[in-house]
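Visitor: The listed protein sequences correspond, in order, to chains A and B. For the record, in the first sequence the residue sitting at position 389 is 388 according to numbering that gives the first Met the number 0, with numbers rising by one throughout. For the record, in the second sequence the residue sitting at position 58 is 57 according to numbering that gives the first Met the number 0, with numbers rising by one throughout.
Check each hint, because a few of them may be wrong.
Unchecked claim - Once the Cα atoms are required to be at most 20 Å apart in a straight line, the calculated EDC-like pairs of lysine to aspartate or glutamate come out as:
hint, chain 1, residue 1, chain 2, residue 2
1, A, K224, B, D1
2, B, K120, A, D306
3, A, K409, A, E398
4, A, K374, A, D250
5, B, K120, A, D250
Hints listed in this document are in silico derivations from the structure and should not be mistaken for laboratory results.
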Amino acid sequence: MKRRDFLGGMGAVGTAGMLSTPALLASSGRALAQGADIPVGLLFSLTGAVAVVESTLHDAALMAIEEINASGGIHGRQLRPIIEDPASDPATYANRARRLMIRDKCVSVFGSYTSASRQAVLPVTEQRNNLYWYPTLYEGRECSRNVMYGGAVPNQQQDDLIPWAIENFGPRFFMIGNNYVYPKEENNYCKTLLAKYGGEVVNEEYVPLGHSDFSSVINRIRAEKPDVIFATVVGDSDVAFARQYHAAELDPSQMPVVSLTRSEVEVKAIGGEAAAGHFSSAPYFMGHGTPENEKFVEAYKSRYGGDQVTHFVSEAAYFQVYQFKAALEKVDPANITPQTIRDAAVGLTLNAPQGEVLIDENLHTHLWPKIGQWKTDGQAEVLVESKERIAPRPYAAYEGQTCTGEGLVKA
Amino acid sequence: MDVIANQLFAGLSMASILLMIALGLAIIYGAMGVINLAHGEFVMLGAYVTWALQTHVGIGILPALPIVFIAVALVGLIVEKAVVQKLYHRPLDTILATWGIGIILQQLVRLGIGAESRFVKGPEILSGNTEIGPLIMSNYRIFVIFFSIAVLFVTWRLMTRTEFGMKLRAVIQNRDISECYGIESKRIFSITFAYGAGLAGIAGALITPLFSTIPTMGTGLVVDAFLVVIVGGLGSLVGSAVAAALIGEATALFSIVINDTLGRIAVLAGIILLIRFRPRGLFPTETRR
Numbered sequence: 000m001k002r003r004d005f006l007g008g009m010g011a012v013g014t015a016g017m018l019s020t021p022a023l024l025a026s027s028g029r030a031l032a033q034g035a036d037i038p039v040g041l042l043f044s045l046t047g048a049v050a051v052v053e054s055t056l057h058d059a060a061l062m063a064i065e066e067i068n069a070s071g072g073i074h075g076r077q078l079r080p081i082i083e084d085p086a087s088d089p090a091t092y093a094n095r096a097r098r099l100m101i102r103d104k105c106v107s108v109f110g111s112y113t114s115a116s117r118q119a120v121l122p123v124t125e126q127r128n129n130l131y132w133y134p135t136l137y138e139g140r141e142c143s144r145n146v147m148y149g150g151a152v153p154n155q156q157q158d159d160l161i162p163w164a165i166e167n168f169g170p171r172f173f174m175i176g177n178n179y180v181y182p183k184e185e186n187n188y189c190k191t192l193l194a195k196y197g198g199e200v201v202n203e204e205y206v207p208l209g210h211s212d213f214s215s216v217i218n219r220i221r222a223e224k225p226d227v228i229f230a231t232v233v234g235d236s237d238v239a240f241a242r243q244y245h246a247a248e249l250d251p252s253q254m255p256v257v258s259l260t261r262s263e264v265e266v267k268a269i270g271g272e273a274a275a276g277h278f279s280s281a282p283y284f285m286g287h288g289t290p291e292n293e294k295f296v297e298a299y300k301s302r303y304g305g306d307q308v309t310h311f312v313s314e315a316a317y318f319q320v321y322q323f324k325a326a327l328e329k330v331d332p333a334n335i336t337p338q339t340i341r342d343a344a345v346g347l348t349l350n351a352p353q354g355e356v357l358i359d360e361n362l363h364t365h366l367w368p369k370i371g372q373w374k375t376d377g378q379a380e381v382l383v384e385s386k387e388r389i390a391p392r393p394y395a396a397y398e399g400q401t402c403t404g405e406g407l408v409k410a
Numbered sequence: 000m001d002v003i004a005n006q007l008f009a010g011l012s013m014a015s016i017l018l019m020i021a022l023g024l025a026i027i028y029g030a031m032g033v034i035n036l037a038h039g040e041f042v043m044l045g046a047y048v049t050w051a052l053q054t055h056v057g058i059g060i061l062p063a064l065p066i067v068f069i070a071v072a073l074v075g076l077i078v079e080k081a082v083v084q085k086l087y088h089r090p091l092d093t094i095l096a097t098w099g100i101g102i103i104l105q106q107l108v109r110l111g112i113g114a115e116s117r118f119v120k121g122p123e124i125l126s127g128n129t130e131i132g133p134l135i136m137s138n139y140r141i142f143v144i145f146f147s148i149a150v151l152f153v154t155w156r157l158m159t160r161t162e163f164g165m166k167l168r169a170v171i172q173n174r175d176i177s178e179c180y181g182i183e184s185k186r187i188f189s190i191t192f193a194y195g196a197g198l199a200g201i202a203g204a205l206i207t208p209l210f211s212t213i214p215t216m217g218t219g220l221v222v223d224a225f226l227v228v229i230v231g232g233l234g235s236l237v238g239s240a241v242a243a244a245l246i247g248e249a250t251a252l253f254s255i256v257i258n259d260t261l262g263r264i265a266v267l268a269g270i271i272l273l274i275r276f277r278p279r280g281l282f283p284t285e286t287r288r
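In isolation and in its complexed conformation, chain A is listed as follows (with noise of 0.2 Å):
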């Protein structure tokens, strides 16, 4: 049996690599049966180095398809997800969303927490021209028609920020951040705003991931004195930077910590003690007081545990199926394709925990950036909240290059 499935799935990349496009597309863009079910499929890691947080985005996004299958599915067809856990290995991820959107036949794809698995998805979904429904912030200075990008890019998660920290704290950035692609994009867009509106970066430092002793850095910044903290630091990096940052006694009403990444989950880990009083910029914070809100919390929290929390992943892992749906019902049954659900989910507005959000045609979400205090108690109180919903510009450190309708174009 096993020994089918590979050969089978070993057949299929064979013709996939041999046969020129026209025929591939002629096979994905085959409609779906009318009247049976719509399979969609699932690729979150639930083992592995970063299944700690991507199972949260499983679990939201499976929550959101049996909502929607026990309030009687789209257009009277039920949701039929197909999970496939590809153990936080990218390799994995190509392999099984192939898998998914050639044998499963899925019309979209939710999945993915990081660049790397997002990255290596990206030639399989744009190869198969179907749907990959990724729920995380990220750097930006991507652009494909064939993923629908539910988080912040950094202009979303930093226009505000920046001048916001510069006037309440001070010019003075502190850059601390890991090793990789995501730190240094967002570390490259706070210095264009650092440069237009005054402030100036004292010192930018990357650590290698799962860095878990920060005694030096913190010396450095004990010496330099900066006035913003601003961090990149991702997962059990950013508990230990936490950690020993209060143990150090560093007062967050002088250096502020300000993150990109802390969320509900990190500062459960941290504690609410030693995370109080620092700041995180994201769309979405667990205490954020909409009706849609109360009621994915609630729901979440009675389907998996009172001590779990929700955070700005979950969030969009939650609301892109709500996306898909909406999407799916503008569409003709009879013609349900990866394309016209795409199409269709173009300008597309939905009441999301976070806000109403809109699907710009770059494919990206306009969102809702606010800037939270972290309390405690673990929570977050909300101090800004962006007046009007932000476009997401992919390419907002790039000069001359935009992500639009029709892919990036470049001046």
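Dock chain B against chain A, hints included.
Guide: Same frame as chain A, but now just chain B:
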């Protein structure tokens, strides 16, 4: 100048953590020749036992230390009796077996407790800093430094001043002859392995308030521990202590002069050079085998 003083302290603190982790390994690897790749997982288990005691029983880190030591030593004992004991004559197979045990322990914790990072509170009396002029030292880190020195001393006494230690050294030198003299080498090895595992557990308990507690936390630590043992020289406790201090201080100084990423590379390059010229480490034990 202030920066350098603070950085020296940071290096010392890193060294003490390295020493705590490496000591158990130095005994298991150095004395018994078992390359124990599950050592990092023993550290992780120690952290989780501390977490469980604190969250479910309400025992703080300091009173929990003896319980953690016994709990993880028991796990070590079971692992030794069940698997490692059968493989003493096949050193390559122990690598594979302990690697597998490590993965099993990691996944058991993940399935049983969950993959998310756990929060362990540091001891209240050790919060805060001690300031001497420009030098700012975290009390908890000072405590870890002294504690690791104490553990080193106790282990050294155990190895050199007790009957058990004498028997262990005899078994290390020549297992067959020792058995002829009535030393039960199996039992000695079991106890040694359990002791090493227990030390790893204590190391895990001590680092939880500083680091994040996750099932994979041991994987990176075991690499550092091996570096210390290899630089220090097989089976040498003093060597491990010196190597830990050297690596800790070098990491701290390189990371302030360059940055953490390049600092790490520089330290590793330094270790390669050192191994090139002193292949048996800084303090090789001169025993005939």
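Visitor: With the threshold set at 20 Å, check whether the alpha-carbon distance from K120 of chain B to D306 of chain A stays at or below it.
Guide: At roughly 18 Å apart (the allowed maximum being 20 Å), D306 of chain A and K120 of chain B satisfy the hint.
Visitor: Given the hint that K374 of chain A pairs with D250 of chain A, test it: the Cα-Cα distance must not exceed 20 Å.
Guide: It holds: about 14 Å lies between the C-alpha atoms, which stays within 20 Å.
Visitor: Would you mind confirming whether the straight-line C-alpha gap from K409 of chain A to E398 of chain A stays at or under 20 Å?
Guide: Answer holds: K409 of chain A to E398 of chain A is near 9 Å, not above 20 Å.
Visitor: When you check the alpha-carbon spacing of K120 of chain B and D250 of chain A, does it fall within 20 Å?
Guide: holds, 19 Å
Visitor: Hey, K224 of chain A versus D1 of chain B, does the alpha-carbon distance stay inside 20 Å?
Guide: holds, 13 Å
Going down the numbered hints, you'll see the structure goes against none, and every one checks out.
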